[in-house]
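Protein sequences appear in the order of chains A and B. With the first letter of the first sequence counted as 1, position 200 gets the number 200 in the working numbering; the numbers rise by one all the way through. With the first letter of the second sequence counted as 1, position 287 gets the number 579 in the working numbering; the numbers rise by one all the way through.
Treat the hints as calculated values from the structure; they're not laboratory data. Mixed in with the good hints, there may be bad ones.
[Unchecked claim] The calculated EDC-like cross-link candidates involving lysine to aspartate or glutamate, where the alpha carbons are at most 20 Å apart (straight line), are:
(1) Lys-108/A to Asp-472/B
(2) Lys-662/B to Asp-281/A
(3) Lys-225/A to Glu-192/A
(4) Lys-116/A to Asp-606/B
(5) Lys-639/B to Asp-588/B
(6) Lys-108/A to Glu-470/B
(7) Lys-108/A to Glu-348/B
(8) Lys-386/B to Asp-430/B
(9) Lys-225/A to Asp-281/A
(10) Lys-108/A to Glu-387/B
(11) Lys-108/A to Glu-427/B
(12) Lys-108/A to Asp-606/B
(13) Lys-495/B to Glu-387/B
[Unchecked claim] Far from chain B, by Cβ distances over 10 Å, these chain A residues were calculated:
(14) Asn-6
(15) Val-36
(16) Gly-42
(17) Gly-90
(18) Ser-112
(19) Asp-200
(20) Met-205
(21) Gly-213
(22) Pro-242
(23) Ala-266
(24) Ile-285
[To be verified] Far from chain A by the CB rule (all over 12 Å, computed), these chain B residues:
(25) Val-305
(26) Gly-320
(27) Asp-501
(28) Asn-597
(29) Asp-645
(30) Gly-664
Quantities reported herein were computed from a predicted structural model and do not represent experimental measurements. Cβ coordinates follow ideal geometry from the N, Cα and C atoms, glycine included.
As a plain string of letters, each chain reads:
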Amino acid sequence: MSILVNKDSRVLVQGITGREGGFHAQRCIEYGTNVVAGVTPGRGGSLFQESVRVYNRVDEAVEKEGANVSMIFVPAAFAVDAILEAADAGIGLIACITERIPTLEMLKVVRSLRGKTVRLLGPNCPGLISPGDNCKVGIMPGNIHQPGRVGVVSRSGTLTYEAVGQLSARNLGQSTVVGIGGDPVSGMGFVEVLRLFNDDPETDMVVLMGEIGGTKEQEAAEFIKTEMQKPVASLIVGATAPPGRRMGHAGAIITGSAARADEKVAALQSAGAVVIPTPGDIGRIAEEILKG
Amino acid sequence: MSEYGIPVPKGRVAMTKQQVRDAVDELGGVAVVKAQVHAGGRGNAGGVKVVKSADEAEKLADSLLGKRLVTHQTGPSGVPVEQLLVEEPAAIQKELYLAITIDGGTRSAVVIASEAGGVEIEEVASSTPEKILREPVDSVLGFQPFQGRRLAYGMQLPPSLVRPFTDLVANLYRLFIEKDCTLAEINPLVITDNDQVLAVDGKLNFDDDAFYRQKDVQELRDVTQEDPLEAQATDSGISYVRLDGDVGCLVNGAGLAMATMDIIQTVGAAPANFLDVGGGADDERVKLAFGIILSDPAVKRVLINVFGGILRCDVVARGVVAACEERGAQPAIVARMSGTNSEEGRKVLEDSDLQVHLVNTLTEAAEALKEGMSQ
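In isolation and in its complexed conformation, chain A is listed as follows:
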């Protein structure tokens, strides 16, 4: 089994006729994802790769194709509108891959989604993948994944691939791999994903990868301490980053002591998470935990 996406996911791609959207929609289809529709306003009625129907509106795609998951690739200036349209049409899970959405726009989005059942992943995230269900909703290279029982949740993109690569090299497959994104204001956080992994009978442990900036890791630590029943191995990157400078990810800027790597590591450690000492040790630590 898996969390969030599986065999029943009927995936809609918003921005499917764009260069990025088209490229990744095709990779997802090749991986086995059930891509049921695309949406590009003005391009309704056409076919993507001669097989996927393109609609003008999300509600049409939901009504005609039963889409329940949306992957968003539309440019930053229009992405907020795309998220709100998907939420309004009753999509259950929105993975927004688009990066560089202004922070103030995202404040409005998360405010308007409050109290609704729709889940938003991202923006500025690699998406998510459940290898056992051949369901990939994102931009990660599919071939590095293996079906299995380790859950992965991360704020980063390529560092997530690194973790998956190390796990697969030791034949430790993954139940679901979730990238929550690198922006300071985003949808699902660590806690929501940890809760789902905790309740998933086919996830045995979780690898959590955080970084400097914000307090998302401290929120995760609190949940691990009070509710998490499964082992969590955690890696925090950015210990060597100087304060006050932005390290690419909008989230990765150090402001205040809670945002520092050492504070995050300490919080996770005292909550009972196993600390992964260096980025080269992700696979080794996970293997040690699973072997008990």
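Fit chain B to the given chain A structure using the hints.
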């Protein structure tokens, strides 16, 4: 800030010693002189001083203008001081702190106020956290008067200042929203002897991702205030931050780039930079990025760490080779390539004339760096 109705001290910008003299004379001989740089921490770095005469002002101007100011936010080479702000000194009764920023935890803008102004707010936060007041702002409703009153009474402001303070916060919030700020800070916010609020020093940070709709903010950019290599990277869409060490690194992805910096430190070395070449990079951008790394005279060795996803390893390898050929450079390189087209990428590096130590994992990369250091 004055455009938004926030009271600021009387003063003017001076670019020469004579202008500084004139400005001080105009203010009656006593003034505060501030180095106008795009970095925080200038007070502690000697960039803000009170002068009591035009002569003293000229001497100070001589020591600042055309020189570089090093603060804890600028890096060791500092930033050039081209302008001084000469201001009327405020008759200070009390110094407050006021800022608006984004709180990822509550996922809202938050107003932060403290009666302990004029010092580093980080220190206040760690020594007397009870003196820091926070008001999250609903992004639909905006900042509400009751929140201003709660802050004002919480800081025990005199009743006559509750309304002016609340108005000032509302104006600062309007500025924060309309200009797409990530930080709008006034420190100190002074209460003067005659019970007025006055924004004596301030700092605004803007959201890069909103530049497309903030043309006037974009015009505030001053490349002379930036590290030249960082400015070059910014213009080419590369995330690059120059650091103090001697191991250059070229990585795809911000998280992996930070992980790579951490790995470098585990073997007792220090990274010369943070560099995320970006997912959509082509040969040309990689070549530019590697050229930036090679341009840093501090760089002795380079670690390439690429986990190909959208970005193919062979694209990276070709960009690296092209950058070295163009400059006739022969840097010592440790390269780790995984993911999309890693075999092709490794082959490009192997077939080149470069001295490359190819490794398979992050742990091996660390070992290779260590070996290289002991040679």
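To see whether the hints hold, each was checked on the structure:
For the hint linking Lys-108/A to Asp-472/B, the alpha-carbon distance of about 13 Å falls within 20 Å, and the restraint holds. Our distance criterion of 20 Å between C-alpha atoms is met by Lys-662/B and Asp-281/A, whose separation comes to about 17 Å. The straight-line distance between the Cα atoms of Lys-225/A and Glu-192/A is roughly 15 Å, inside the 20 Å bound, and the hint therefore holds. Under the criterion of a C-alpha separation no larger than 20 Å, the hint pairing Lys-116/A with Asp-606/B is inconsistent with the structure, at around 45 Å.
With a CA separation close to 27 Å, the supplied pair Lys-639/B and Asp-588/B exceeds the 20 Å bound. Restraint check for Lys-108/A and Glu-470/B: satisfied, since their Cα atoms lie roughly 14 Å apart, inside the 20 Å limit. Taking the CA atoms of Lys-108/A and Glu-348/B, the gap is near 51 Å; set against the 20 Å cutoff, the hint is violated. Restraint check for Lys-386/B and Asp-430/B: the C-alpha separation of about 30 Å exceeds 20 Å, so the hint is violated.
Our distance criterion of 20 Å between C-alpha atoms is broken by Lys-225/A and Asp-281/A, whose separation comes to about 23 Å. For the hint pairing Lys-108/A with Glu-387/B, the CA-to-CA distance comes to about 33 Å; that exceeds 20 Å, so the pair is violated. Our distance criterion of 20 Å between C-alpha atoms is met by Lys-108/A and Glu-427/B, whose separation comes to about 17 Å. Proximity of Lys-108/A to Asp-606/B is assessed by CA-CA distance (about 41 Å); at most 20 Å being required, the pair is judged violated.
The suggested pairing of Lys-495/B with Glu-387/B holds, with an alpha-carbon distance near 16 Å, which does not exceed 20 Å. Distance check on Asn-6/A: its Cβ is at least 23 Å (rounded) from any Cβ of chain B, clearing the 10 Å threshold; non-interface status holds. The claim that Val-36/A lies off the interface holds: its Cβ sits roughly 24 Å from the closest Cβ of chain B, which is beyond the 10 Å cut-off. Against chain B, the non-interface label of Gly-42/A holds: every CB pair exceeds 10 Å, the least being about 22 Å.
The beta carbon of Gly-90/A is kept farther than 10 Å from every beta carbon of chain B, the shortest such distance being approximately 22 Å. The beta carbon of Ser-112/A is not kept farther than 10 Å from every beta carbon of chain B, the shortest such distance being approximately 8 Å. Every beta carbon of chain B lies more than 10 Å from that of Asp-200/A, the smallest distance being close to 24 Å; the non-interface claim holds. For Met-205/A, the requirement that its beta carbon stay farther than 10 Å from each beta carbon of chain B is met, with the minimum near 20 Å.
Distance to chain B contradicts Gly-213/A as a non-interface residue, since its nearest Cβ pair spans about 8 Å, not more than 10 Å. Against chain B, the non-interface label of Pro-242/A is violated: not every CB pair exceeds 10 Å, the least being about 7 Å. Every Cβ of chain B is farther than 10 Å from the Cβ of Ala-266/A; the closest lies at roughly 15 Å, confirming the non-interface assignment. With 10 Å as the threshold on Cβ separation, the claim that Ile-285/A sits away from chain B holds: the shortest Cβ distance comes to roughly 12 Å.
Residue-level check passed: Val-305/B sits 25 Å from the nearest beta carbon of chain A, beyond 12 Å. The Cβ of Gly-320/B lies farther than 12 Å from every Cβ of chain A, with a closest approach of about 37 Å, so its non-interface assignment holds. Non-interface call for Asp-501/B relative to chain A: violated, since the shortest CB-CB distance, roughly 4 Å, does not exceed 12 Å. In this structure Asn-597/B is not separated from chain A by more than 12 Å, as the shortest Cβ-Cβ distance comes to only about 9 Å.
A cut-off of 12 Å between C-beta atoms confirms that Asp-645/B is not in contact with chain A; the least separation is 28 Å. Taking the minimum C-beta to C-beta distance to chain A, about 17 Å, the non-interface status of Gly-664/B holds against the 12 Å cut.
Hints 4, 5, 7, 8, 9, 10, 12, 18, 21, 22, 27 and 28 from the list above are not met by this structure, while the remaining hints are.
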